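Just so you know, the protein sequences line up as chains A and B, in that order.
Letter 18 of the first sequence, counting from 1, is numbered 18 in the numbering used here, and no numbers are missing.
Letter 114 of the second sequence, counting from 1, is numbered 114 in the numbering used here, and no numbers are missing.
Please note that a few of the clues may not be correct.
[What the hints assert, rightly or not] Here are the simulated lysine-lysine pairs, DSSO-like style, with alpha carbons at most 30 Å apart: (1) A/Lys130 - B/Lys171; (2) A/Lys65 - B/Lys204; (3) B/Lys172 - A/Lys148; (4) A/Lys113 - B/Lys579; (5) A/Lys113 - B/Lys538.
[Stated by the list, open to error] Just a few of them, taken from the derived set where beta-carbon distance is under 8 Å, the chain B residues facing chain A: (6) Thr30; (7) Phe34; (8) Asn45; (9) Ile46; (10) Leu305.
[Stated by the list, open to error] Pair ranges (Cβ atoms, derived): (11) B/Phe433 - A/Asn82: 45 to 51 Å; (12) B/Val655 - A/Ser43: 57 to 63 Å; (13) A/Phe90 - B/Phe338: 51 to 57 Å; (14) B/Gln35 - A/Phe90: 29 to 35 Å; (15) B/Asn354 - A/Gly55: 34 to 40 Å; (16) A/Phe90 - B/Ser660: 46 to 52 Å; (17) B/Ser400 - A/Asn106: 34 to 40 Å; (18) A/Pro45 - B/Ser180: 39 to 45 Å; (19) B/Asn567 - A/Asn106: 40 to 46 Å; (20) B/Ala244 - A/Glu131: 41 to 47 Å; (21) A/Glu131 - B/Ser37: 25 to 31 Å; (22) B/Asn354 - A/Asn82: 43 to 49 Å; (23) B/Phe533 - A/Glu131: 20 to 26 Å.
Hint data in this document are derived by calculation from the structure and do not stem from the laboratory.
Quantities reported herein were computed from a predicted structural model and do not represent experimental measurements.
All C-beta atoms in this analysis are idealised placements derived from N, C-alpha and C, irrespective of residue type, glycine included.
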Amino acid sequence: MKNIILKITILVLACSVNVDIFCQASDDVAKAVAFEKLAMFISWPPAALNNDSSGMFIIAVLNNKPFGKNLEEVYKTHQIKNKNVQVVYFDKIKELGKCDLLFISNSSTDELKIILSSIHGKPILTIADKEGFAEAGCFINLYEFESKLRFEINQKGMQDAGFKIDYRLLRVSKVLNPVIE
Amino acid sequence: MKWTILLLITLILGLLNSTVFAQEHDTLKTEDLFQMSLEEFMNVNIVTSSKKEEKILETPANVNVITAEEIQTLNFNTLEQLLEYAVGMSSVNGEGNFFTATSIRGNTVVNYNVNTLFLFDGIPLYNPFNGSFELNIIPLNAIERIEIVKGSNSELYGTNAVSAVINIISKKAKNGVDESQLRMKYGSKQTMYAQGNLIKSYHKLQVRLFTDVNTSKGEDLTINDELGHTETYRDYYKGANLVAKLDYKDFSFHFQYYNRQQPNLKTRGFDYNLYILNSDTFKIVVPERHDEFGVVTSLEFNHKLSEKVQLHMSTNYWYWDLRKNEYAGYWDYNSKSFFNEAELTIKPVPWISNIIGISSNHMFAQRYESEINTFDVGKDHKWTTDAAVYLNGTIDIIKSLKFSYGGRYYMSSYKDTTLTNLSPRFALVYNVFKNTYLKVIYGKSFRVPTYFEKEVASSKIKGNPNLKPENSSSLDLVIATNYKGVQINLDFFNLDIQNQIGRHFIDIANTISQNYNTSGKSVYNGFEIDTKFRLMNKLNGFAGYSYVNGKNVQKDSTTNLKFTYHNMVNFGCNYQLFKSISVSTSLKYLDKWGEAKSYVLWNGGLNIGLTADSKFELELKVDNILKTNVSLPEISRDRPQVQTIPVTNIRKVFVGISCSF
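Only chain A is shown next, with the shape it has when bound in the complex (with noise of 0.2 Å):
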C-alpha cells in the first residue's frame, strides 16, 4: 500500500515538470509600461523635435481618464525617451494640443477617422486598443492573444507620417501595410 502511495506521488510530481514560465500583470499596467516599450523603438520624425520646447514627453488621452490616471502613476518615476512624462486630456479633439502620443480607445470608426483626419501631418504616434483601429489608420493597436499584450503596427501609415521603426520591434509585432524595401 504504502508503495503504491509512493508511486502515485512521483508520478503526479513528475507530471509537474514541463510548465512554461508564467510572471502576470495588469493589463491597465503593461498597456501604459508598452509606450516606453514602443517608444524605445521608434524614432519620430525631426518636426518633432523642431517643436520639442518643453522638454516633456506629453501623451494625449481621449476619453478615458481611469486609464490617463493609471499613466500618471506608471510615469511618476520613469521616463520616456529620456523625457519625464506629462499626461493630458480631453473629451473632444479639437480641444488637443500639443502632444507626442496620443492614445484612443473609446472612441468608434467614424469618430477616428476625424481624429485622424484633424492630426494628419502632425508628428504624433496614435495607439489605439481597439480591434481593427490599425487597419482604420492608427499608427499601433494593443490587443490581447492568448493572454499576452501584442502589437499591430501600421508600417506604411507611420512611415508616410515619417516615423521610424526599428526592425526588432518590427520581428515581434504583426505589421500591416508592411514596406517592403
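Position chain B against the provided structure of chain A, taking the given hints into account.
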C-alpha cells in the same frame, strides 16, 4: 528503496523547477516590467477584467458573484431586495418582520440568520445575542461586489458558515480616480431611498465614505393573529447607515454606524388604534416598535514581509443595541464583541500557498425586560471567549489540477462549559478545457449556540445552557464555465446538518411552550444553475434556477422538511436601447413552501442619461408590476391560526435621479 530515491530526486527536481511551475502566477511590479527586454515583456501574462472572472471560475469554492454594475443597471434599492434575486436565496420572516432571515439552498432556520455568515470587507458582522445579522446595514452604493460562497466553510470563516458565507466587498478608487455619486429615489407609500458616496485619494491616503437613508410609510398588510382575528398593520421603516473607511499604506480603518426603526409584527397581544372613516370605526394594529443602532470598528494591517510571506492582522469591535417598545414597557437588548485575527500567507514556491491563522473572540450579550425589571439573557454578566487555529492551503498538482486543503480547530469557554470542534475542508479543481473547470468540494462546519438559545427565559420560550454546536458537512460538485460572454455555474450539492438547534414545542399542563433543543439530522439535496450573460455589449443580466429537497432524519423516521422550497427561478437583465437609455427587468418565481403560496414577482425599470456622458441619470422603477400577493411561511411560532406572514400585494412606482462626478 528504489522508489524512495526516485521520489527524492523528483522532489528535488520539482523544487529546482519550482520557479517555472506556476498556475497561481505572481503579479509583477511595474518596475519589473520596465526592466524587461521587449521579448521578455511580450511574454508576460496579462490579467484583464474577464480574467478576474476566470479567477472566480477556478477558485476552489462554489461562488456566486454579484457586481456593482449589476446592482446599478438592475436598479435595486436595498441589499435585502437585491439578494432576493440571487440564485437559491429567499427571505423569510424572522421574529415578526424585524429580523429578515434568509433561506439558502432550502435551509430555513427559525428567526435568525444563524446558518449564514455575513462579512463586510472580511469583517464578521456577527451579533452574539442571536448569532445573526441584518442585510440592510450596508449601503447599497458601498458595494463593489458580493461573493456568496455556498457550502460548509468553517475552515476559513469560523462559526455559522453552514449554508453560505456572504462577503461584501466595498468600492475603492479605480486606477487612482476619485469618484462621487448621489442617488435618490422616491415613490409609492412615501418611500425614499437616498444614497451617497465619496471616494477621494490624497497621496497615500484614501478616504471612502458611504451613506444611505431609507424611509417608508409602509404598506397596510392584513394578517391573522393567534386568536383567529384578521387585523391590519402598517409595515413602516426608517433606516440610515454610514460607513467610513481610511486606507493609509498598510493600514485600513473601518467605521460603521447604523440606525433603524421598524415595527415588529407580533401575532399575539396586539395594541390597536381606532380610526373613524365615513362613520365606520375600524382598527389598525399598532405593532411593537423597534429602535436599533449598531457600531462596528475595525483596524486592519496587511504587510508583505517578503516575496513569499504576507502578514494580515485585524482587530474588530462590535456594539449593538435594540429597544423594543411595547405598550406595557420595553425590552432592551445589547451585545458587544471583540474579534482579533492574525494570519500569514506563505508561498514557499509559486505553486503552493498556505494561510495559517489564529483568531480569538470575546463576546457578551444581554436582554432586559422593564416590566419585571430583570435580565433573562446575560443576567450573570459572563462573557464567552473562544479561540481558533486554522490552515488553508492550495497546491497546483499539475498545471490543470489544483488541490485545496485545510481545517479549523475551535474551542470556546462559557461559564463551566467548554466546546470544541474540528472542521476540515478539501477541494479539487480540474481545468477541463479553456475557461471550464470541474470542482469537487467537501467541507465541514459548525455553528455555536447563541446567548439567546442558551439563556432565554420568557414565558413562551426557554433556552438550553447545555446546547452543543451544530455540525454540518457539505459536498458540492461544480461545473463552472465561461463561453463567449455567458458564464455558467452548475452546482449539485448535499448538505447534512447534525444536531440542528431549533425550538421544540412542549405542552406542560396545557401550556404550550417552546424549548431550544437539537433535532436529529437535516439533509438538503439539490442543484443550482447560475448563469450570467453579456451579449453584443447591449444586453447583460443573470438567470438562475434552484431545486432543493429537504428531509429531517430521526432514528426511526424520515420526514420532508416543511419549510424547504422545491423550485426557485431568478432572472434579471438590462438592455441598452440607445446610448443613453436602458431598460431593466427582474423576476422571481418561488414555489409553494410551508403554507405560503407560490408567486411570481416582476419588476421593471428605465434609466435615461440626461447628459451626453450619462453623469446625470433619471431612473424610473416599478416593483411588483403584477400586484402579486406575496406571503412567506410563519416559521417562528408555527401555530394553526397563523400560517403565513404577508410581505407585499401592491404595485410600487419610484422616480429617481442619480449623478456621478
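Each hint, compared with the structure:
1. A/Lys130 - B/Lys171: With a Cα-Cα distance of about 27 Å, the restraint between A/Lys130 and B/Lys171 holds, given a limit of 30 Å.
2. A/Lys65 - B/Lys204: holds (20 Å)
3. B/Lys172 - A/Lys148: Holds, because 27 Å separates the two Cα atoms, which is no more than 30 Å.
4. A/Lys113 - B/Lys579: Answer holds: A/Lys113 to B/Lys579 is near 20 Å, not above 30 Å.
5. A/Lys113 - B/Lys538: Measuring from Cα to Cα gives roughly 24 Å; hence the hint holds.
6. Thr30: holds (6 Å)
7. Phe34: Holds - the Cβ of B/Phe34 comes within 8 Å of chain A, reaching about 6 Å at its closest.
8. Asn45: holds (4 Å)
9. Ile46: holds (4 Å)
10. Leu305: violated (21 Å)
11. B/Phe433 - A/Asn82: 45 to 51 Å: Distance hint for B/Phe433, A/Asn82 holds at roughly 47 Å.
12. B/Val655 - A/Ser43: 57 to 63 Å: Cβ of B/Val655 to Cβ of A/Ser43: about 59 Å, so the range 57 to 63 Å holds.
13. A/Phe90 - B/Phe338: 51 to 57 Å: Distance hint for A/Phe90, B/Phe338 holds at roughly 52 Å.
14. B/Gln35 - A/Phe90: 29 to 35 Å: About 32 Å separates the Cβ atoms of B/Gln35 and A/Phe90, which means 29 to 35 Å holds.
15. B/Asn354 - A/Gly55: 34 to 40 Å: This hint is violated: roughly 51 Å between Cβ atoms.
16. A/Phe90 - B/Ser660: 46 to 52 Å: violated (20 Å)
17. B/Ser400 - A/Asn106: 34 to 40 Å: Holds - the Cβ-Cβ distance for B/Ser400 and A/Asn106, about 36 Å, lies within 34 to 40 Å.
18. A/Pro45 - B/Ser180: 39 to 45 Å: holds (43 Å)
19. B/Asn567 - A/Asn106: 40 to 46 Å: At 43 Å between Cβs, range holds.
20. B/Ala244 - A/Glu131: 41 to 47 Å: holds (43 Å)
21. A/Glu131 - B/Ser37: 25 to 31 Å: holds (27 Å)
22. B/Asn354 - A/Asn82: 43 to 49 Å: Roughly 45 Å apart at Cβ, these two residues keep to the hinted range, so it holds.
23. B/Phe533 - A/Glu131: 20 to 26 Å: holds (21 Å)
Violated hints, in rising order: 10, 15 and 16; the structure is consistent with all others.
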